[in-house]
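Q: Respectively, the protein sequence lines represent chains A and B. Under the working numbering, the first residue of the first sequence is numbered 248, with each subsequent residue one higher. Under the working numbering, the first residue of the second sequence is numbered 2, with each subsequent residue one higher.
Hints listed in this document are in silico derivations from the structure and should not be mistaken for laboratory results. Fair warning: there could be bad hints in the mix.
Unchecked claim - If you want the footprint, here are the derived chain B segments under chain A, 3+ residues with CB under 8 Å:
hint: 1; stretch: 40-49
hint: 2; stretch: 64-74
As the list claims (entries may be wrong) - DSS-like mimics (lysine-lysine), calculated; alpha carbons at most 30 Å apart, straight line:
hint: 3; chain 1: B; residue 1: K24; chain 2: A; residue 2: K399
hint: 4; chain 1: A; residue 1: K396; chain 2: B; residue 2: K20
hint: 5; chain 1: B; residue 1: K23; chain 2: A; residue 2: K396
hint: 6; chain 1: B; residue 1: K61; chain 2: A; residue 2: K774
hint: 7; chain 1: B; residue 1: K55; chain 2: A; residue 2: K774
hint: 8; chain 1: A; residue 1: K399; chain 2: B; residue 2: K20
hint: 9; chain 1: B; residue 1: K25; chain 2: A; residue 2: K396
In this text, a Cβ means the ideal position worked out from N, Cα and C, and glycines have one as well.
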Amino acid sequence: MLRKILLPTIFIILSWGFWVSPDFKTIAAGVSIFLFGMLSLEQGFQAFAGGTLERILNNTTDKLWKSLSFGVVSTTLMQSSSLVSVITISFLSAGLLDLASGVGIIFGANIGTTTGAWLVAGFGLKVKISAYAMPMLVFGVLLLFQNSKNLKGIGYILVGLGFLFLGIHYMKEGFDAFKDSFDLAKFAVAGYPGLFLFAGIGIAATVVMQSSHATLVLTITALAAGQITYDNALALAIGANVGTTITAIIGSMSANEQGKRLAVAHLIFNLVTGLIAIAFIYQMMASVEWISAHVGIAEDDYTLKLAVFHTLFNTIGVLVMLPLIGRLVSLLEGLFEPKAVLVSQPKYLTDAVLEFPDTALEAVRQETLRIWDHTINILAGTFGFERGQIFSDTDLAAVAQSQRRLPDFDVDAAYEQQVKPLYSAIITFISRAGFSWQDDQSGDIHWLREANQNMVEAIKASKHLRKNLAAAATSTDEDQRTIYNNMRVQLSLLIRELEEIRSESIDESPVLSLDHLRLFMNELCEKFNARMASSMTEGRMSGELAVSLLNDSNYAQEVYSKLVDMGETLFVRHSRSLTDAEHEVLLSEDELLELET
Amino acid sequence: MTENKLLTRLEGYLDLGAKRRKKKADELKVIIGKLKKKEKALIAECRKAGKRKKRETLEKRCLILHAQRKKGLKALKKIKQK
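Isolated chain A (complex conformation) (with noise of 0.2 Å):
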């Protein structure tokens, strides 16, 4: 509803502005091109998120002091604390961050944001910024018309500066231009009721133009121009960096409970650093002079100052807030727990992450591996052990001996609740992904999506074999109660390998330790054989019993090879082309025929 009022409401406003001053035209359009030019820095930016920009945020982020040096330098670089944070919210979506490198970031990028300050009040309103502006533009569009990814990313890059540069140009020019037939300066608001309604005035402007940069750029242009004074620009100054974080908020509605955290992390630190500046803006403002002075700032610069009050009041938050990050860690986690619910929900495959394909390809991974932790359930479960007798040394052998009938399990249910449902988040996810995948990229979806494959299979072939299981448990036919133990110890026993070989670390290559699983598949199969061939020609198992034998032991072969084939799949993690090498080396089904031979 507030949505529908709001969109007409700022039209009609800002057409009555511009029908009444031409100035204020100048300055819109001149924030108009400047947030055009963010919108063609982040799209540049993104151009690079196919797996750069992934790659050193995962390798830069596994301390708090990296994580905090990485929101700082990256903001700096991109001048967008709102699409470093957006990242960040992706990223912790999939899992690929915890959530204290992620408040970390995000408390970096708080100072980072503050260079956006330095570089307009110390370059852009001393340079003829528009000078720059105009053959970055024309390289950058040049560049667009390119096809290579790379140099597009980088012509979206030149182009958004190129806008940034000229938008803060006409922003200059229209406050100039305004200062002559309006003075704005007259509605100033002196003391602590001026800074609450600038600092409301500064949170309204960031909300709507979703930018702290952009509400920052026009409040020093402003001051530059004299329309506000000093005491107001700093309100406004902590009104935006507040109001920044209506950004992260909307990128975490679409995100998971993490998400949802790291945006109400970056509230609480925003109104924390924001009430802190507002109460001590007096000590503040003397901080502030003391530093000019140091540093050489001239007495009426008083743009500079902001940007040196904007550098401290963030530094100060940070520094408040840094050695409380495991209290606020434990109170977001506390706030918002992850729904417990019987049917499986998809817990990395969401919205934010959707637009960053590395990012994406990890989800998967991470959901994937999910639904192979409720497959080892569901399996356990139809094979009449306990997930912790799989996973322990227990002698499983002697518990399947012990067992007179096997603990009641529903297959299907199981099925239907735990991993029907990820399994499907995970096809539509993939499908809903709009860019295009690379070609390793892709490479990786199609094995993920067979991994998922094969464990679906392999249950539904353990359903099957599942009545017979358990109608041999309660057997007192000794031959067939421990042909069916033995191939319900034998399928448990690959789970427990598998876990083992997935736990192994990547420099021991644990897709090579698979080739084993597959001799002892046929070993095991051959084994099989031979005992039921005897036991029919001693006349101990009757003809139905061996044709029931035979489908079972087929089934059985299908959940060993399914599980052999996933695992070769889902437990590779490290470097793409080393995995290629790896797979040169396995052995195919003829080769491990031989050496059995």
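Dock chain B against chain A, hints included.
A: Relative to chain A, chain B alone:
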């Protein structure tokens, strides 16, 4: 530099296949090294193994690692021949 030498060098720069082959050869070398290390460790474990069944399982694993390594060496030789 003679013309022939220059042409050979130029061919080297332009031959992307050669670059790819070199990369693949390097990766194979890494894998072969790992397999050798694994094989050695398994042989040592095999010697220590007391139970016959365990020893047999380990021996089979050794056999597989050996076959994988041989396959890798063969692939490496093929690449080098190209």
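Q: Each hint should be assessed against the structure and marked as holding or not.
A: Each hint, compared with the structure:
no., hint, verdict
1, 40-49, "violated (count 0)"
2, 64-74, "holds (count 8)"
3, K24/B <-> K399/A, "28 Å, holds"
4, K396/A <-> K20/B, "23 Å, holds"
5, K23/B <-> K396/A, "27 Å, holds"
6, K61/B <-> K774/A, "16 Å, holds"
7, K55/B <-> K774/A, "17 Å, holds"
8, K399/A <-> K20/B, "27 Å, holds"
9, K25/B <-> K396/A, "26 Å, holds"
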